[in-house]
Amino acid sequence: MSLLKWCFKKSLWVFHFAASPCNNCDIEILDLLTPRWDIERFGMKLVGSPRHADVLLLTGSINKKIAPKVKEVYEQTAKPCIVAALGSCGCSMGIFDTEVNYNRAGPADNVIPIDIYIPGCPPKPEAMIMALVKAINKL
Amino acid sequence: MNREEKIEKYLKELNEKYKIEIYKKNERKYYLTTSKDTAPDLVRFIFRNYNARLSIMTAIDTEKGIEIIYHLPLDCLNAFFNVRTFVDKKKPEIESVGKDINGANWIEREINELFGVNFIGHPNLKHLLLREDWQEGLYPLRKDFDLLKKGKI
Amino acid sequence: MKTTKIPIGPYHPLLEEPECFTLYVEGEKVIDVELSVGWNHRAIEKITASKNYDQGVFVVERICGICSTSHPFAYVQAAEEAGNVKVPQRAHFIRTIIGELERIHSHLLWVGLAGHFIGYNTVFMWGWKWREPLLELLEMITGNRNHYAMFKVGGVRRDIDVALFNEMNKRLDVIWQKTDMITKAVLDDPVLHARLKGIGVLSKEDALNYCVVGPTARASGVFQDIRYCHPYAAYNQVEWKVIVQNEGDVFAKAVVRLLEIFESIKIIKECLKKMPEGEIDSRPEKMEKGDGIGVHEAPRGEVFHFIRSNGDNVPERVKIRAPSFMNIPSFKATCMGEYISDVALITAAVDPCYCCTERMIKVIDKEKNNGELTFNDLIKLSHNKTRKIMEETGKEFIKLENI
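If you read the protein sequences in the order shown, they are chains A, B and C. So the first sequence is residues 1 to 139, counted in the working numbering. So the second sequence is residues 1 to 153, counted in the working numbering. So the third sequence is residues 1 to 403, counted in the working numbering.
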């Protein structure tokens, strides 16, 4: 297998950023670190800078104010990286996808290219782990 | 003096001091309508003298103008005194209470950018929620926004 | 003296929400704070005014994930007052139970985050570990760990099966035990005292002027609790205390939140005992014209909803104000004169929920004009301060046994 695929096989470092979220998905992501699910046993951890990340986890329905920052962070991330859109808001703007929303700039794939979509409101931690496993297997 | 007597006393005092119209919605909610020149004074008086707190200000786009309601809960008396006033849509401005009550600062900034009401004397009336380069004159929560925005944003 | 301006944000890895504040510092001390919000503004007031009352509850629930039930609680009360809708007694009790379960989970969440900021990662892990039985319980009752969808105008959507009462009592007893242990450990630890006492003091005068709400106000000696001062649902039918502290510092805020968990457990147990039989939904068919105000004491403070109904199925105007909107501006009063290493903790002590506020940190060096710290850097500064204090006092990390 290629060097790239080998690098992404395990111990993915995740940079989580929230663009206009309701915070629920973010809480469930932090839940993954806690003793019940404990993704750190797979070597996965949350990092503090996009430059150290293998996976970019994007939550929230993006609004006009934060869309330029999302692009900036994507450009700063070391390529290659996997970009995952988490939650109904990340995949399709969910309940905020109406004409009446004057501040909309999403969904996430309008702003940056997305590789993985994880739907749910919020997606349960088990669903998130399954999504990452599926993604790794596909690589 | 029990709760009802105290509220009666306060309302009587306000009626004598300011020109207001009192509407009692139920045992706990009182709406005091007044002109836009007296409203900020009335709010400051209730805030300082009756141990009230400024919860929030609501702005509504109506036919009579932009209605501004100051919601003042009296926590010790289980009551809300809501001061209502109208500002003219063509020149929407009213004196700010944000210069005396710090809690009103952000509230007035929000109403200013979403409805276009100018608060005279506010220390820092710039955008709070919307982008800095949001188009001037386009106020999202006004009724005519949907018509005006076509093609502009 | 040289002033430094340090920009932080709008991303910081731990608080999960984008916010941007600019701190002006001279040496190590903060002399001014500028806040920039709006990164979360999703036009919710406009969206709810275009959906009918039943749909509106779902939109309003998604304002915030942590205080997910607080917004529907206030929304349905506002709609019921505006439209003159009655609510059966059993629904009041169920609403109270769900509201208090949410308060426990939110406060435990805060305890975990505060522990992480100080450098006690074990407190973070344990606080969040003991949220899990609670979230499982909520899943048993409502069907989801968060975003419960229990509220509707006129009552609640689902009943709580009497077969679950035993399970609820058992789990609440366990949470009482574990919270008791964490509380005692926090209240006794000298390093935590040195780290949290006297930091970020909000005086009673400032608390009244900034109109702060919730534990932030109660920690500064202001007797204010919507459940007591403007009673609603079943809160005036059960016995419980309002927790008030007078010092106004971060320690006082932590104590208020920890002790409130016990009061919440008491309320839930009493509600389970006193729950009356009957309908859970009054099935309203028509809304009258009028204005309605709904308030609820969310874990962070007073949530305020105002609804104007014109008799239609869709509200004419919905005004929503979350508690953090009033609490966050108080950073100006609490951060001034404090050290940068304490800023992370002071901002977290208010338990800000930016997604509710709708809603980014920069620390600026006036002379250099190029300093840039991420929030992660601020947290590291905070951890370093804790380490220093531990070395000075000769104490180790707090011992949480058998948790």
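Hints listed in this document are in silico derivations from the structure and should not be mistaken for laboratory results. Fair warning: there could be bad hints in the mix.
Under 8 Å between C-beta atoms, here's a sample of chain B residues computed to sit facing chain A [what the hints assert, rightly or not]:
#	residue
1	Pro123
2	Arg142
3	Lys149
With a Cα cut of at most 25 Å, we get these calculated PhoX-like pairs of lysine-lysine [as the list claims (entries may be wrong)]:
#	chain 1	residue 1	chain 2	residue 2
4	B	Lys99	C	Lys204
5	B	Lys126	C	Lys332
6	B	Lys89	C	Lys46
7	C	Lys332	B	Lys143
8	B	Lys29	C	Lys178
9	A	Lys64	A	Lys9
10	C	Lys129	B	Lys64
11	B	Lys29	C	Lys289
12	B	Lys90	B	Lys64
13	C	Lys29	C	Lys332
14	C	Lys204	B	Lys64
15	A	Lys124	C	Lys129
16	B	Lys24	C	Lys380
17	B	Lys91	C	Lys46
18	C	Lys129	A	Lys45
19	C	Lys380	C	Lys86
20	C	Lys269	B	Lys24
21	A	Lys69	C	Lys86
22	C	Lys178	C	Lys289
23	C	Lys289	B	Lys99
24	B	Lys149	A	Lys64
Glycine included, every Cβ here is placed at the ideal spot set by N, Cα and C.
Hints broken by the structure, by number, lowest first?
-> Violated: hints 1, 2, 7, 8, 9, 10, 14, 16, 19, 20, 21, 22, 23.
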